[in-house]
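Here the protein sequences come in this chain order: A and H.
Here the first sequence is numbered in the numbering used here, starting from 1 and rising by one per residue.
Here the second sequence is numbered in the numbering used here, starting from 1001 and rising by one per residue.
Simulated from the structure, these hints should not be mistaken for laboratory data.
Being a predicted model, the structure only gives us computed values, none of them experimental.
Be a bit skeptical, because a hint or two may be false.
Said to hold, decoys possible - Cut-off 20 Å, straight-line C-alpha distance, at most; resulting in silico cross-link-like pairs (DMTMM-like, lysine to aspartate or glutamate):
hint: 1; chain 1: H; residue 1: K1123; chain 2: A; residue 2: E94
hint: 2; chain 1: H; residue 1: K1125; chain 2: A; residue 2: D112
hint: 3; chain 1: A; residue 1: K145; chain 2: H; residue 2: E1209
hint: 4; chain 1: H; residue 1: K1045; chain 2: A; residue 2: E182
hint: 5; chain 1: A; residue 1: K4; chain 2: A; residue 2: E492
hint: 6; chain 1: H; residue 1: K1073; chain 2: A; residue 2: E327
hint: 7; chain 1: H; residue 1: K1037; chain 2: A; residue 2: E492
hint: 8; chain 1: H; residue 1: K1125; chain 2: A; residue 2: D436
hint: 9; chain 1: A; residue 1: K369; chain 2: A; residue 2: E224
hint: 10; chain 1: H; residue 1: K1045; chain 2: A; residue 2: D436
hint: 11; chain 1: H; residue 1: K1125; chain 2: A; residue 2: E405
hint: 12; chain 1: H; residue 1: K1073; chain 2: A; residue 2: D112
hint: 13; chain 1: A; residue 1: K241; chain 2: H; residue 2: D1105
hint: 14; chain 1: A; residue 1: K324; chain 2: H; residue 2: E1209
hint: 15; chain 1: H; residue 1: K1019; chain 2: A; residue 2: E488
hint: 16; chain 1: H; residue 1: K1037; chain 2: A; residue 2: E488
hint: 17; chain 1: H; residue 1: K1123; chain 2: A; residue 2: E149
hint: 18; chain 1: A; residue 1: K153; chain 2: H; residue 2: D1105
hint: 19; chain 1: H; residue 1: K1180; chain 2: A; residue 2: E149
hint: 20; chain 1: H; residue 1: K1108; chain 2: A; residue 2: E149
To be verified - To spell it out: a stretch of chain H is covered by chain A in this simulated footprint if at least three of its residues, at any positions, have a beta carbon under 8 Å from a beta carbon of chain A; those stretches are:
hint: 21; stretch: 1029-1041
hint: 22; stretch: 1049-1056
hint: 23; stretch: 1146-1157
Claimed, not checked - Anything over 12 Å on all C-beta distances counts as not near chain H; from chain A, calculated:
hint: 24; residue: S35
hint: 25; residue: M168
hint: 26; residue: R259
hint: 27; residue: D551
Even for Gly, the Cβ is constructed at its ideal location relative to N, Cα and C.
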Amino acid sequence: MDTKNVLVIGAGLSGLTCSVKLAENGNNVRLFSPSPSERSQSVMAMGGINAALNNKGQDDSTSQHYTDTINGGQEINNHKAVKKLTDDAPEIIEWLDSIGTSFTRDENGNIDQRYFGGQKKQRTAYAGARTGKQVLTAINTMLRKYEHENLVKRYIGWRFLSLILNDMSECVGAVLINEFTEEIQSFEADCVVIATGGMNKVFGKISGSLQNDAGTTARLLQQEIQLANLEMIQFHPTTIKTPVKSMLITEAARGEGGRLYTIKDGEKWYFMEEWYPELGALMPRDVVSRSIYKVCNQLNLGINGENIVYLDVSFLPEETVKVKLDEVYEVCTQYLNLDPTVDPIPVYPGIHYFMGGILTDDAHKTSIKNLYAIGECSAQYHGANRLGGNSLLGAIHGGYIAAEEINRQTVTSSNNNEIIRKELEKQMEKYAQWKDNQTSEYTSSYTVEEELASIMNNAMGIYRDEETLREAMGQLEQLENEKIYSHESYYEYVLIKSLIHLSKAFLISAINRKESRGAHQRIEYPEKSDKYRKTTVIQEKNNEMIVSFNDTDEKMGW
Amino acid sequence: METLKITILTQENGEEVIKEYEYTGNLNIPVTTLLEKVNHGNNTKIHYSSSCLQGLCGSCAMLINGWPKLACKTFVNEEVMTKYFHKITIEPLSKFPVIKDLIIDRSKIYENMKEAQQWLDEKAKINPEHIPFEYEVSQCLMCGCCLESCPNYNGEDNFMGVVLPVSSSKITAQETSDEKLKLHKQIHKKHFYNGCVKSLVCQDVCPMEIPTQRAISQMNYKSVWHLFHLFNRQEK
Ligand SMILES: Cc1cc2nc3c(=O)[nH]c(=O)nc-3n(C[C@H](O)[C@H](O)[C@H](O)COP(=O)(O)OP(=O)(O)OC[C@H]3O[C@@H](n4cnc5c(N)ncnc54)[C@H](O)[C@@H]3O)c2cc1C
Ligand code: SF4
Ligand code: SF4
Ligand code: FES
Chain A
1 MDTKNVLVIG AGLSGLTCSV KLAENGNNVR LFSPSPSERS QSVMAMGGIN
51 AALNNKGQDD STSQHYTDTI NGGQEINNHK AVKKLTDDAP EIIEWLDSIG
101 TSFTRDENGN IDQRYFGGQK KQRTAYAGAR TGKQVLTAIN TMLRKYEHEN
151 LVKRYIGWRF LSLILNDMSE CVGAVLINEF TEEIQSFEAD CVVIATGGMN
201 KVFGKISGSL QNDAGTTARL LQQEIQLANL EMIQFHPTTI KTPVKSMLIT
251 EAARGEGGRL YTIKDGEKWY FMEEWYPELG ALMPRDVVSR SIYKVCNQLN
301 LGINGENIVY LDVSFLPEET VKVKLDEVYE VCTQYLNLDP TVDPIPVYPG
351 IHYFMGGILT DDAHKTSIKN LYAIGECSAQ YHGANRLGGN SLLGAIHGGY
401 IAAEEINRQT VTSSNNNEII RKELEKQMEK YAQWKDNQTS EYTSSYTVEE
451 ELASIMNNAM GIYRDEETLR EAMGQLEQLE NEKIYSHESY YEYVLIKSLI
501 HLSKAFLISA INRKESRGAH QRIEYPEKSD KYRKTTVIQE KNNEMIVSFN
551 DTDEKMGW
Chain H
1001 METLKITILT QENGEEVIKE YEYTGNLNIP VTTLLEKVNH GNNTKIHYSS
1051 SCLQGLCGSC AMLINGWPKL ACKTFVNEEV MTKYFHKITI EPLSKFPVIK
1101 DLIIDRSKIY ENMKEAQQWL DEKAKINPEH IPFEYEVSQC LMCGCCLESC
1151 PNYNGEDNFM GVVLPVSSSK ITAQETSDEK LKLHKQIHKK HFYNGCVKSL
1201 VCQDVCPMEI PTQRAISQMN YKSVWHLFHL FNRQEK
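Construct the entire structure; sequences and hints are all you get.
In structure tokens:
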């Protein structure tokens, strides 16, 4: 087997796993990220990771995990990919355990598993209240060995600028930029793996990491790589607005008995319990989110006329709130100045996860040869709605699969020096142009960022309609013509420009899916339609964005 | 409304740079949000590093009125009003090279962890009883607050600071290769034991409240005292 020279871009759980698995087989990896892995969004995941270990004697099975995932995703998941994902899940947990993850154990010493939304079995393994961090520490420790052996070389401070493509539109490397020194460098490679996480920045300060700037996905779109299901954005039903950003109040708050209410005719109205007597506030995420929306926007019953309902845990034993829900207690007291053992928490649904992203097939291949995508930046496992606990799993699994595929691939050596030199030159020229043409008289990038987020949040809410989406398109076109001042930061400039572009792709995808399915709800088309039991694929060609609806399991053919 | 005086002390090309700003507005905000407001309000860019904004990632560790802290968890009101008379000084951690403004280069920590071979050679040995402690040390953010406040860490000599026993206390509990365990003991002696004066500051400043003293004593026991005991027994 030939050893390959691979660039992995992004060092969260997916990028780390892929790097470890590639190095295990003797490949050479260069791993890029703006900052060390401890800073990635993966460390923020608390709830857990799914696998049908069947540790609870509930007759759980990988086929049930499969069915739940497809049902959750409303059938537009890549079915073959989900099959592998759910079949491999127990082995992944075993691996994580064997490399030293401190999973929480039950009284028999087995890995404990808990209930999570949309699944009838106790299937979610967890490590205390910090599953993502604990898993990441273990994989990161493992990777250190390969760094020491010089199989993996890390580049900290670097962000993606462009792919290097040969005449046949095959990927032969990438150009990256050091955000702080503004050094621009080209890197040749046999394969490139994109692992840059969710497209957070398009929507401003959402629950996830600020580092996930969507810039890689945005520039891949400009290089004609296909993206998928951009309209599928998960809203977490209970987020709080703090002066800092939008933060999550975990599902566990409702799991422990927390109730949702608003005030109607001067009295508390527990709308979820009235509408869904059986599960109440513990209905699946999309249902709870839509119900809160309905209360505030259709019934106009938001607290004080605002987009707020109350999540009440104050009646629970103080011990439950302070110990079992310590994270909730801490976030509320620190960032809201509110004591949840006394007062109800003002919540509203907020953007939390991107099911859509870079289109891949079940082998994590993208539409460009030698280019792979894994983790939250890629789209294949989650369809129209992701189940809690499936994204950590998907991120790690993606790393496994991409590494396996790359091992299997044969490399054809060719001389790409000329192509690489040209691409680097092109990027340097753009940089020089920018450098000569910056003045603080232009509109501040901060203003543009804020406007962009506001346009996108308004148009891509829980319910969408064509008129608002088209209006937003118009606003984006205006924003596109704005001259931007980016405070002496070239990367900032490239980023914001490309994000406006990517935002259009979100809107166009949403306009074209004329049905309501999972996270995509259209006011004019309230029903699900079989015609759209497909993947929304968007691609830019000659400055035009083309949408098609493809078979969910389509192979990339390379 | 009250006005806050902000001083940013940093370096550029080896020289000290002082930037001063004023801010009037809601003071019930953490320092990261303050920096953002200063940037937006002055159409400028003070570079600082942040990611999670809720104390989970360690990006934003910096010196705030002289103390190493996570800026996203340090609220301006508490810090400034009570003790510092409406003044706040923000600096990068001083024991690491400055990359830009408040962004520092922590690669020394990572180099040290590699040099100290902080990984498992064999499959992890899991003892359910050890898990709570192993969980706590796995929370380490590599933020550097402990190193900043340690009287003996200087980033230059052999002494690697408390991040070493925080990591190796877990690794030595899970490792099964005898040879590797022996090596870890030697590494501990060389890169930690002889340098630590047990001032306990590291435990006080650690934003994750990691029991650094327990990690230290476990490693000391495994690497040094354990040998003394053996030695003493043989003497008798
Ligand atoms: C608060 C919260 C709680 C969550 N809880 C759970 C849970 O309980 N269970 C679950 O399964 N999932 C959960 N998730 C989702 C889960 O954390 C993520 O989907 C998953 O960690 C993604 O991993 P990743 O490797 O794809 O990306 P990330 O961990 O986001 O890493 C992305 C990497 O790419 C780098 N990067 C970003 N932009 C660029 C660029 N332009 N150029 C180069 N590098 C770049 C980043 O620095 C980082 O290294 C949660 C998410 C949040 C926000
Ligand atoms: S206890 Fe040791 S490692 Fe910790 S601060 Fe004191 S000298 Fe440094
Ligand atoms: S031990 Fe604590 S202070 Fe030191 S790097 Fe780890 S988290 Fe930071
Ligand atoms: S930004 Fe993550 S700890 Fe402060």
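Structure-based check of each hint:
1. H:K1123 - A:E94: Answer holds: K1123 (chain H) to E94 (chain A) is near 11 Å, not above 20 Å.
2. H:K1125 - A:D112: Holds, because 18 Å separates the two Cα atoms, which is no more than 20 Å.
3. A:K145 - H:E1209: violated (27 Å)
4. H:K1045 - A:E182: holds (15 Å)
5. A:K4 - A:E492: violated (32 Å)
6. H:K1073 - A:E327: Between K1073 (chain H) and E327 (chain A) the Cα gap is close to 14 Å, so the pair holds against 20 Å.
7. H:K1037 - A:E492: Distance of about 17 Å is within 20 Å: holds.
8. H:K1125 - A:D436: Given that 20 Å is the threshold and the Cα spacing comes to 59 Å, the pair is violated.
9. A:K369 - A:E224: holds (13 Å)
10. H:K1045 - A:D436: Holds, at roughly 19 Å.
11. H:K1125 - A:E405: violated (31 Å)
12. H:K1073 - A:D112: violated (31 Å)
13. A:K241 - H:D1105: Violated - the C-alpha atoms of D1105 (chain H) and K241 (chain A) are around 32 Å apart, more than 20 Å.
14. A:K324 - H:E1209: holds (18 Å)
15. H:K1019 - A:E488: At roughly 17 Å apart (the allowed maximum being 20 Å), E488 (chain A) and K1019 (chain H) satisfy the hint.
16. H:K1037 - A:E488: holds (18 Å)
17. H:K1123 - A:E149: Given pair K1123 (chain H), E149 (chain A) holds - Cα atoms ~19 Å apart, limit 20 Å.
18. A:K153 - H:D1105: holds (17 Å)
19. H:K1180 - A:E149: holds (16 Å)
20. H:K1108 - A:E149: Cα-Cα ~18 Å, so holds.
21. 1029-1041: The restraint on the stretch 1029-1041 of chain H holds, since 6 of its residues have a Cβ under 8 Å from chain A and three suffice.
22. 1049-1056: Holds, because 7 residues of the stretch 1049-1056 of chain H bring their Cβ atoms closer than 8 Å to Cβ atoms of chain A.
23. 1146-1157: Violated - the stretch 1146-1157 of chain H has 0 residues with a Cβ nearer than 8 Å to chain A, which falls short of three.
24. S35: violated (6 Å)
25. M168: holds (38 Å)
26. R259: The claim holds: R259 (chain A) sits with its nearest Cβ about 25 Å from chain H, beyond 12 Å.
27. D551: Holds, since 37 Å exceeds 12 Å.
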